[in-house]
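Trainee: What follows is each chain in one-letter form.
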Amino acid sequence: MNVNASAQDAETRMASLVNDWADDKEAFRVPWGKAMMWIFLVSDTFIFGSFLIGYMTVRMSSTEPWPLASEVFALTIFGVELPLILIAIMTFILISSSGTMAMAVNYGYRRERKKTAMLMLLTAVLGASFVGMQAFEWTKLIVEEGIRPWGNPLGAAQFGATFFMITGFHGLHVSAGVIYLLVVAIRVLKGRYEQQGKYEIVEIAGLYWHFVDLVWVFIFALFYLW
Amino acid sequence: MENTAKQQHPIGVYLKIWLLLFVFSTLSYMVDYFEFQGLLRWSLILIFMFAKAGLIVAVFMHMFWERMALIYAILLPPLALMVFVGIMSMESDYTLLTRLTFFG
Chain L
1 MNVNASAQDA ETRMASLVND WADDKEAFRV PWGKAMMWIF LVSDTFIFGS FLIGYMTVRM
61 SSTEPWPLAS EVFALTIFGV ELPLILIAIM TFILISSSGT MAMAVNYGYR RERKKTAMLM
121 LLTAVLGASF VGMQAFEWTK LIVEEGIRPW GNPLGAAQFG ATFFMITGFH GLHVSAGVIY
181 LLVVAIRVLK GRYEQQGKYE IVEIAGLYWH FVDLVWVFIF ALFYLW
Chain B
1001 MENTAKQQHP IGVYLKIWLL LFVFSTLSYM VDYFEFQGLL RWSLILIFMF AKAGLIVAVF
1061 MHMFWERMAL IYAILLPPLA LMVFVGIMSM ESDYTLLTRL TFFG
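Heads up: the protein sequence lines correspond to chains L and B, in order. Numbering-wise (our numbering), the first sequence opens with residue 1 and increments by one. Numbering-wise (our numbering), the second sequence opens with residue 1001 and increments by one.
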C-alpha cells in the first residue's frame, strides 16, 4: 500500500514535470520570431564575449609589447596624420545605419511601405560601405604593415591573430546582415508583409542589425581604444 | 497584437538617441586623440562604451518597453561573461608572472 502510494506520487510528479514543459504556456508574450532572434543574439553574445575575453587574456599575458592601435590605424589625410580616423568614420557609419534601421522599424509599424523599404535599403548601403572600409583597412594592414595572423613586425604576434579573428567575424556578421536586410526590404516593397499584417519581421531584422552595431561598440572600445 | 501597438514611438526619440550615440562616439575618439592614459583613459572608455551599449539595447532594440520575463532572460545570462572576464584576467596575470619569472 505504502509502496503503491509513493509510486503513484512519483508518477504524478513526473506527469507534472512533463505537463509544465509541454503545456501550452507562453513565457515570452512576443511573436515567436522575435523571441527566437533574441535567443540567437544571446548565444552570439557569448561567442563574441569569448573572443574578446581570449583577446584580453593573450594581451595581458604577453611579454612582447602590444602594437599601438592608434598608430597602426592612423591615416594621413591632406598631409595631417590622424589617429584611428578610419575606425572613427566606420563607427559613425555603423551608428547611422542603426539610426536608419530604427526609423525603418517605426515606419513599418505605421504601414508606410515605401519609407520602410527605402530606409532599410539605406541601412544596407551604409552596412556595405562599412564592409568596404574594413576591406581597405585589412588590405593596408596586410600589404603595407606586414601584419599576419601568426606574427607582425610591430610587436606581439597575438595582435594579428586576435585582430583578424574578431574583426573578421564581425565583418561576416555585417555582410550577412546586408543580405538579410536586402531580402526583407524587397519583400516589404513587394507588399508581402502588408498582406500578412506582419510587420514585426522588420523589427526582427532590426534586432539583428542593432546587435551588429552593439558588438562594434565593444570592439571599438576594447580593441582600438585599449 | 498588444506588442505592435506599444512600439509606436515618435521618430524624434530615435533621432535624439542617434545624436547621443554620435556624441558619445566623438567623446571616446577624443580620449584617444588627446592621449589620456591610465585609470582616466580606462574609466572614460568603459563609461562611453556602456552608455552607448545601453542606449542601443534600451531604445533601438526596444528592450525598455519589453516585458520583464524577456528582459531578464536576455540580460542576466551575459552577466556570466563578467565572471569569465574576472577569472581570465587573474589567469593572465598569473601566466605573465610565471613567464617573467622563468623565461625573463
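Careful, some of the hints might be misleading.
Heads up, simulated DSS-like pairs for lysine-lysine below, C-alpha to C-alpha not over 30 Å straight-line [said to hold, decoys possible]:
1. 140(L) x 34(L)
2. 198(L) x 1016(B)
3. 140(L) x 1016(B)
4. 1016(B) x 115(L)
5. 34(L) x 115(L)
For the record, the hints were derived by calculation from the structure and aren't laboratory data. On a predicted model such as this, the values are computed, not experimentally measured, just so you know.
Trainee: Sort out which numbered hints this structure fails and list those numbers smallest first.
Mentor: 1, 3
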